[in-house]
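Protein chains in written order, with the working numbering: chain W, 85 to 329; chain F, 120 to 465.
To be clear, the hints were calculated from the coordinates, so they are not data collected in a lab.
Be a bit skeptical, because a hint or two may be false.
[To be verified] Partial list, derived from the structure: chain F residues whose beta carbon lies under 7 Å from chain W:
1. 224
2. 360
3. 446
4. 447
[As the list claims (entries may be wrong)] Simulated coverage check for chain W against chain F, where a stretch passes if three residues somewhere in it have a Cβ under 8 Å from a Cβ of chain F:
5. 109–119
6. 148–157
For glycine and all other residues, C-beta sits at the position ideal for the given N, C-alpha and C.
Each chain, written out:
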Amino acid sequence: MRILGLDTATRATSVAMIEDGPPPRELEARDDPPPGARPRHAMRLLALAAEVLDEAAVGWPEVDLIAVGVGPGTFTGLRIGVATARALARARGIPLTGVSTLHSLALNASRDGQRRDDVEVIIAVLDARRGEAFAAAWRQDEIARTGSPGTPLMAPAVYTPRALAARVGGLHAASMAIGDGALAFREVLERQGTFIPEDHSELHRVTAINHCRLARGLRGGAPDEVLPVYLRVPDAEISRRAAAQ
Amino acid sequence: MAHRARGLDPEPFRVILGIETSCDDTCAAIVTAGGEVRANVISSQGVHDRYGGVVPEIASRHHLELIGAVIDDAFARAEITPEELDLVAVTQGPGLVGALLVGVATAKALAAAYELPLAPVDHLHGHVAATFLAPDPFEPPFLALIASGGHTLLAYVRDEGPAFEVLGQTLDDAAGEAFDKGARLLGLGYPGGAALERLAREGHPDTFSFPTASRVQGLDFSFAGLKTALLYRLRELSEQEVERQRADLAASYQRAIVEALFGKVRRALSETGLDRLALGGGVAANGALRERFQELGVELAVPARELCTDNAAMIASAARFRDPLPYPDYLELDVYATGERTLAAR
Ligand SMILES: [Zn+2]
């Protein structure tokens, strides 16, 4: 089994591949734009994917499954990732599966060596801009269950800081929050007793390698069934609905 | 003329897939090296009417939902398989960035999966290249007027290659935008260009006098004042008068747009000495405009309606006359929102 993972939901562009052994291999390539610079999904995604394939010395037809991050995240980034994944899958008849970017992020905290026994719940938080956050939470021991992370304690949704605080406070469990949104809303979350790793921790980074891990064992499906999970309607639609009332 | 030679050569690019997503139409087409359109699929989103204009975020979402099916449809209608492709062509700009990115990401990945070359095409060159398609390719040199909801451009086309000389552009609204805005003021909804044309047929074009921006310098256009003039005229008239003269208003308004375009085209023909004219863009489908331009007495090329409005066959056509990027040189290709980059003035 050889799985290619792609993610463009955050500012980073992340590509990874895992191969079953022997010996098993994990390859990763990513692009993190410097602070203040625009994301480079459009330019880097396919190039990084080609680099990973080159490094693995395999061609497109030898990829068994593509796992693409479907968000939530930046709308334009998600579309670049999904459009790229769908076209690759379509061209080469490769099954495609969508992976929740929040679920993949949460997996960072439940991996061997990262687990904390004093934590029951992992909250994955992404910066949704406009002062809001995309967030979801799972029980730490359910996150790594391939393909079915169990019912999330907090379903993926967009939260204002106040709503996020209320929701997290209502979990009544020892929790850890990770992701760029956890950093953006550190104060709000810490006030609820949530633990947040230091700013530079790797735990905050969305990585496509987790997409591959979560996709392992999944079959994937028709490319066109995979679409971004925006979690937000476009502004024009909000205004139109408001005007109609 | 090197471009011409490559265009007529059936090798090495026999079958070209074109992809166009610069605005609100999701388009894919299959065109042969000889310029034969084997499939030209256009999925108009239609959802923007309720917002009174194209909403970039909504257009981008729809492109992503539609693009796979549109490409499949193009292959099915052309009766070829993706494995038979020789080249992928895609609109790189100008247009809505989010919308363009869906097409470019798709085209790049599709081409890369087969290690095919990829031709990034300028949307406006695409409109010009619609006239190079079989069965009646229009040969340069000629003057081209591209008028649509997104652009109004007058160009000197010397050969089929990607560079053409921009002689004039709109300074504000595009001609098609003027049609749509006028239609909205007349209560015809959005987009109302076609409805305005229908209504205008029942009216007298010389009832009202609207400005044709003839004072705009050189060969540039301006349509913003026209829309304002209509707005003021509507305010002056009573409700009953507007109701009674709606068709006259539409006819007079349409005439002003047509005359604005006609005046600059006539001037451009005389300044350049060209005696051949190609029209393109959605406005070229307007009957009154086509009729008026017949009076110029020059050789006139107007592609079929589905090749005038945004489509991917024109993008594939343009790709026949440029050097594509070989795999993997295009993996980092990005889009551009405005056109200054490729419209080389000579
Ligand atoms: Zn156009």
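Quick rundown of the hints versus the structure:
Annotation: residue 224/F was flagged as interfacial toward chain W, and the flag holds, the nearest CB pair being 4 Å apart, inside 7 Å. Among the interface hints, the one on residue 360/F is violated; its C-beta lies about 30 Å from the nearest C-beta in chain W, farther than the 7 Å criterion. Residue-level restraint check for residue 446/F is violated (minimum Cβ-Cβ distance to chain W is 9 Å; threshold 7 Å). Evaluation of the residue 447/F hint against chain W yields a held restraint, the C-beta minimum of about 6 Å falling below 7 Å.
Counting residues of the segment 109–119 of chain W whose C-beta sits closer than 8 Å to any C-beta of chain F gives 0, which falls short of three, so the coverage hint is violated. Check result for the segment 148–157 of chain W against chain F: violated, 0 residues qualifying (beta carbon to beta carbon below 8 Å, three or more required).
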